[in-house]
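K.L.:
This is what each chain is made of:
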Amino acid sequence: MQPPSGGMPGGPSAGDGQITRTFTPPITLIGTNNPEKSMSSDGESGKITSGELFANDSNALVAVVGQSLAEKNNLSVDDTFTAYDQKIKVVGIYDTGTDFGNNQALMPLSTVQRLSDQEGDITSIVLTINSADNLASVSESASTIVGENGDVTDSASQVASAIAPLENIQTISLYSLVGATVAGAIIILLTMVMIVRERRREIGVIKAIGGSNIVVMGQFVVEAVTLTLLGTLAGIVVGIAAASPITSTLVSSSSSAETSQAGPTGGPGNMMRDGPSERFGQANRALTQSISNIQTNVGWEILLWGMGMTLVIATAGSALASILISKVRPAEVMRAE
Amino acid sequence: MLQVSHLTRTFTSGTEEVQAVNDMDFSVERGEFVSIIGKSGSGKSTLLSMLGALDKPTGGTIKVDGEDIASMSDAKLIRYRCHKIGFVFQSYNLIPNLTAIENVMLPMEFAGRDKEAREKRATELLEQVGIEPDQMERKPGKLSGGQQQRVSIARALANKPSVILADEPTGNLDEQTGKMVFDLLHTLAKQEKTTIIVVTHDLDIAGKTDRTFRLNDGKIREVKK
Numbered sequence: 001m002q003p004p005s006g007g008m009p010g011g012p013s014a015g016d017g018q019i020t021r022t023f024t025p026p027i028t029l030i031g032t033n034n035p036e037k038s039m040s041s042d043g044e045s046g047k048i049t050s051g052e053l054f055a056n057d058s059n060a061l062v063a064v065v066g067q068s069l070a071e072k073n074n075l076s077v078d079d080t081f082t083a084y085d086q087k088i089k090v091v092g093i094y095d096t097g098t099d100f101g102n103n104q105a106l107m108p109l110s111t112v113q114r115l116s117d118q119e120g121d122i123t124s125i126v127l128t129i130n131s132a133d134n135l136a137s138v139s140e141s142a143s144t145i146v147g148e149n150g151d152v153t154d155s156a157s158q159v160a161s162a163i164a165p166l167e168n169i170q171t172i173s174l175y176s177l178v179g180a181t182v183a184g185a186i187i188i189l190l191t192m193v194m195i196v197r198e199r200r201r202e203i204g205v206i207k208a209i210g211g212s213n214i215v216v217m218g219q220f221v222v223e224a225v226t227l228t229l230l231g232t233l234a235g236i237v238v239g240i241a242a243a244s245p246i247t248s249t250l251v252s253s254s255s256s257a258e259t260s261q262a263g264p265t266g267g268p269g270n271m272m273r274d275g276p277s278e279r280f281g282q283a284n285r286a287l288t289q290s291i292s293n294i295q296t297n298v299g300w301e302i303l304l305w306g307m308g309m310t311l312v313i314a315t316a317g318s319a320l321a322s323i324l325i326s327k328v329r330p331a332e333v334m335r336a337e
Numbered sequence: 338m339l340q341v342s343h344l345t346r347t348f349t350s351g352t353e354e355v356q357a358v359n360d361m362d363f364s365v366e367r368g369e370f371v372s373i374i375g376k377s378g379s380g381k382s383t384l385l386s387m388l389g390a391l392d393k394p395t396g397g398t399i400k401v402d403g404e405d406i407a408s409m410s411d412a413k414l415i416r417y418r419c420h421k422i423g424f425v426f427q428s429y430n431l432i433p434n435l436t437a438i439e440n441v442m443l444p445m446e447f448a449g450r451d452k453e454a455r456e457k458r459a460t461e462l463l464e465q466v467g468i469e470p471d472q473m474e475r476k477p478g479k480l481s482g483g484q485q486q487r488v489s490i491a492r493a494l495a496n497k498p499s500v501i502l503a504d505e506p507t508g509n510l511d512e513q514t515g516k517m518v519f520d521l522l523h524t525l526a527k528q529e530k531t532t533i534i535v536v537t538h539d540l541d542i543a544g545k546t547d548r549t550f551r552l553n554d555g556k557i558r559e560v561k562k
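So the sequence lines, in the order shown, correspond to chains A and B.
Residue numbers for the first sequence follow this note's numbering, beginning at 1 and rising by one.
Residue numbers for the second sequence follow this note's numbering, beginning at 338 and rising by one.
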């Protein structure tokens, strides 16, 4: 049987640019006791286009062939092909909607184990639990049973992996908030110091014509609070407008980073996909896609926190300004003349 | 009446003590127009600071209407500056963000007068010093030097002070404008019965005041005319 595609891209070449095939890519043959689920691909359920599926507990020499593989080898229902020196009958042809999914054949699990001398061996097994509450205990039991012979992956760890970008965003946001608050406080403090220095003469004049420290301080506190509140309002407007795009960008870049960190899956050297892991992968991709489409909302609670922080910063800035103001002596006005 | 007795002010410069004002005695009657002349560094500004309660003397007394300002608490000094003293500075020192009328209203606000009374009094004073109604709403940057100094004089008169202290009030003005400002101060001193003490370098102006004092090395003596 031939694989649907020709030579492998990027393989060795000779002559007038003709690609010379140096090896035949393997055909994916999956032994399964749940053919309906095994023909799913990338979250899409496969469907039988002709013939029928074999029974879950079948041990006959039968196969369900993907559409691309069937077309390439001119196979239709009731035709046979040879595998493991045995004539295998095609009982159905299916379509998953993807080339990758259509390039494989499914056979009963016990038949494949028998023909390949792998009695009792399996690549993967899917456990379906009755409640999410039992996930951890089932996963733990499965790990104990499997021991060092395999890995147990549960959907919780997949979800945890998928929401990792959100946790990264949360960490970035928290550090950004702390950084912005500290920077804001420093800017306000330095600005107030600068303003008091620049207006030293004015402060001296006000004191000289009968203004008390409290009067001058009050003026600066009002100025600081007003400026900070105006800044806060501008920040809130910009923040609300930019929150969603920034979050999407951060989630997107964070998701990409997570994916590339995990390494590529599939590819020419990995034609045999294990069904359950792939299905977890599909769920993971769907979850990641949902997270990528995340929308942000700015609630009243956040706004009130922001305003509260603003007032704290403004008060701190005003307090420093007040200390500086109280040290300005009105006599300095006369000396500046 | 302003009475100064044994007034002393000492500054420490490094390890050295400098006597800016040294055992000074003089008195000025209410409504008198007095000038103080002297070289730079003779102690003119230090004396004016102490008379205006901006600085405290090292020794001696300054009595204004019988009250010794040298021994007043800081809170009392603020009230004294607000109610009894008016300042006219060489560089006007108007508040740049306030209009002319707001500048004149400011000392009255500190004195606790209501807004209506402040506006009425400020308008009267600005008219008195020759500021046009449209100029009253202008900020200092939009007024000439002479106009700013007239606003400054109106501000000094706002709370009907006993004493107006003017530090080189014509120093930044041309001769003609300077003469107008001086005449204005002279007229107001007579009209409002306010004591005016002017520090000046201009001997012409000093010659036109009721009395002139010369300051030299922290000592004061009256110049006989």
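Each hint should be verified, as a subset may be incorrect.
Interface residues of chain B toward chain A, partial, derived using beta-carbon atoms under 10 Å [stated by the list, open to error]:
hint, residue
1, L391
2, A412
3, Y417
4, I422
5, G423
6, N430
7, I432
8, N434
9, L443
10, P444
11, E446
12, A493
13, K497
Straight-line alpha carbon distances no greater than 20 Å define the calculated EDC-like cross-link-like pairs of lysine to aspartate or glutamate that follow [what the hints assert, rightly or not]:
hint, chain 1, residue 1, chain 2, residue 2
14, B, K479, A, D79
15, B, K530, B, D520
16, A, K87, A, D133
17, A, K327, B, E461
18, A, K89, A, D79
19, B, K476, A, E52
20, B, K497, B, E439
21, B, K527, B, D511
22, B, K561, B, D411
23, B, K452, B, E474
24, B, K393, A, E332
25, B, K476, B, E464
26, B, K476, A, D79
27, A, K72, A, D99
28, B, K421, B, D411
In short, the hints are calculated from the structure, not lab data.
For each residue, glycine too, the CB sits at the ideal point set by N, CA and C.
K.L.:
Compare the structure with each hint and give your call.
P.N.:
Checked hints:
1. L391: holds, 4 Å
2. A412: Holds - the Cβ of A412 of chain B comes within 10 Å of chain A, reaching about 8 Å at its closest.
3. Y417: Holds - the Cβ of Y417 of chain B comes within 10 Å of chain A, reaching about 9 Å at its closest.
4. I422: Given a least distance of 8 Å, the restraint on I422 of chain B holds.
5. G423: With a minimum Cβ separation of about 8 Å from chain A (threshold 10 Å), the hint on G423 of chain B holds.
6. N430: holds, 5 Å
7. I432: Hint on I432 of chain B: holds, closest Cβ of chain A at ~6 Å, below 10 Å.
8. N434: holds, 8 Å
9. L443: holds, 7 Å
10. P444: holds, 5 Å
11. E446: holds, 9 Å
12. A493: holds, 8 Å
13. K497: Violated, because the Cβ-Cβ distance from K497 of chain B to chain A comes to roughly 13 Å (cut-off 10 Å).
14. B:K479 with A:D79: violated, 101 Å
15. B:K530 with B:D520: holds, 15 Å
16. A:K87 with A:D133: The hint is violated at about 47 Å.
17. A:K327 with B:E461: Status violated; Cα separation ~36 Å.
18. A:K89 with A:D79: holds, 6 Å
19. B:K476 with A:E52: violated, 93 Å
20. B:K497 with B:E439: holds, 17 Å
21. B:K527 with B:D511: violated, 24 Å
22. B:K561 with B:D411: Outside the cut-off at roughly 37 Å; violated.
23. B:K452 with B:E474: Holds, because 16 Å separates the two Cα atoms, which is no more than 20 Å.
24. B:K393 with A:E332: OK: K393 of chain B and E332 of chain A at ~13 Å, within 20 Å.
25. B:K476 with B:E464: Status holds; Cα separation ~16 Å.
26. B:K476 with A:D79: Given pair K476 of chain B, D79 of chain A is violated - Cα atoms ~100 Å apart, limit 20 Å.
27. A:K72 with A:D99: Holds, at roughly 12 Å.
28. B:K421 with B:D411: With Cα atoms ~15 Å apart, K421 of chain B and D411 of chain B stay inside 20 Å; holds.
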